[in-house]
Amino acid sequence: MRARDDVGCCPPTVIARLLESADHAALKRLRWIMFASEPMPPAVLERWWECVPGAKTYEFYGTTELLTVTQASRDVLVQEPRAVGVPFPSSEVRVVGQDGMDQPLGEEGEILCRSPAVMQEYFRDERATASALTEDGAMRTGDLGMFDDSGRLHLTGRLKDIIISGGFTVAPAKIKAVACSHPAVAEAMVVGIHDSRWGETPVVVAVPRSGSRLTAGELLGHCRGRLARFKCPSAAAVTHELPTTGIGKAKKAPIREAIQRGELELERAR
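Residue numbering for the sequence shown follows this note's numbering, starting at 959 and increasing by one per position.
Treat the hints loosely; a few may be bogus.
Said to hold, decoys possible - Think about it this way: if two alpha-carbon atoms lie no more than 25 Å apart in a straight line, the pair counts; the simulated SDA-like pairs of lysine to any residue are: (1) K1014 with S979; (2) K1014 with A983; (3) K1118 with Q1056; (4) K1132 with G1150; (5) K1132 with K1189; (6) K1209 with P1039; (7) K1132 with G1157; (8) K1210 with V972; (9) K1189 with A1227; (10) K1118 with T1202; (11) K1207 with S1031; (12) K1210 with T1026.
Said to hold, decoys possible - Using C-beta positions, here's what the derived DEER-type ranges look like: (13) P1201 with A980: 18 to 26 Å; (14) H1152 with M992: 34 to 42 Å; (15) M992 with P1141: 24 to 32 Å; (16) F1126 with D1106: 21 to 29 Å.
Read the hints as simulated data drawn from the structure, not as lab findings.
The beta carbon of each residue, even a glycine, is placed where N, CA and C say it ideally should be.
Let the sequences and hints guide you as you build the complete structure.
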């Protein structure tokens, strides 16, 4: 959050924590809020609007290398809370398949963006620069998404985070959104772990809302009733806190490592 108490800018993970632990009367002084850095779970957004109905709400999607790709006002988010908005006026956004061709509406692919704000290069790293930029200067974001029939962009995951389970592609962002829709979940994270049968399998880890008695079994049941069978997490855990980066964005590596070391107690799906 910024020093002034009438405006704010932070990742969705921070917003979820503010809803749980901040003074709601102080939050109501906000005139506008902007969130970025990671997808906003619709359930968290709804709780935010219930808590701070008078604040203008904006979502931006971008990367360090090219700044803003899309923008969404509250009107856009009310119509489609799962979207990250429409392309910024100076951004040319494409969603392409593995063949580099534009994907049809509703079909997932990698998000590419051309913009006056695209970086020139990675410092002293020609190989990384060549991998990140296309021949016409567009940035390969490494993010997966799709356009809907209204021209709104939806984020569906990160290429490096995609879980391949039994030959099926599973996007952690979808599972996280479902987990966060449980009324007792404050925030959640989904990671892929090694599995001898399926190769890799999704695990959901959640932080309960204040005063709730969320169990891992309840969380698994909630996901099972709302996701296709191959997308359902194979295990779940409840913890008091999830690790974040310096800007408050969720950090997956420590959770994955804690699971591998047996430090996080998992309940397996039956």
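How the hints compare with the structure:
The straight-line distance between the Cα atoms of K1014 and S979 is roughly 21 Å, inside the 25 Å bound, and the hint therefore holds. A hinted pair counts as satisfied when its Cα atoms are at most 25 Å apart, and K1014 with A983 qualifies at roughly 16 Å. A C-alpha spacing of about 15 Å is found between K1118 and Q1056, which places the hinted pair at or below 25 Å, so the restraint holds. Using a Cα cut-off of 25 Å, the hinted pair K1132 and G1150 holds, with the two alpha carbons roughly 13 Å apart.
With a C-alpha separation of about 9 Å, the suggested pairing of K1132 with K1189 holds against the 25 Å cut-off. For the proposed pair K1209 and P1039, the alpha carbon gap of about 23 Å is at most 25 Å, so the pair holds. This hinted pair checks out: K1132 and G1157 have alpha carbons roughly 20 Å apart, not beyond 25 Å. For the proposed pair K1210 and V972, the alpha carbon gap of about 15 Å is at most 25 Å, so the pair holds.
With a CA separation close to 12 Å, the supplied pair K1189 and A1227 stays within the 25 Å bound. The suggested pairing of K1118 with T1202 holds, with an alpha-carbon distance near 18 Å, which does not exceed 25 Å. The hinted pair formed by K1207 and S1031 meets the criterion: a straight-line CA distance of about 21 Å does not exceed 25 Å. Proposed proximity of K1210 and T1026 is supported: the alpha carbons are some 24 Å apart, at most 25 Å.
Take P1201 and A980: their Cβ atoms lie about 20 Å apart, and the range 18 to 26 Å holds. Separated by about 38 Å at the C-beta atoms, H1152 and M992 satisfy the suggested range of 34 to 42 Å. Under the hint 24 to 32 Å, the C-beta atoms of M992 and P1141, about 26 Å apart, fit the expected range. At about 23 Å, the beta-carbon gap between F1126 and D1106 stays in the expected band of 21 to 29 Å.
In this structure, every one of the numbered hints holds.
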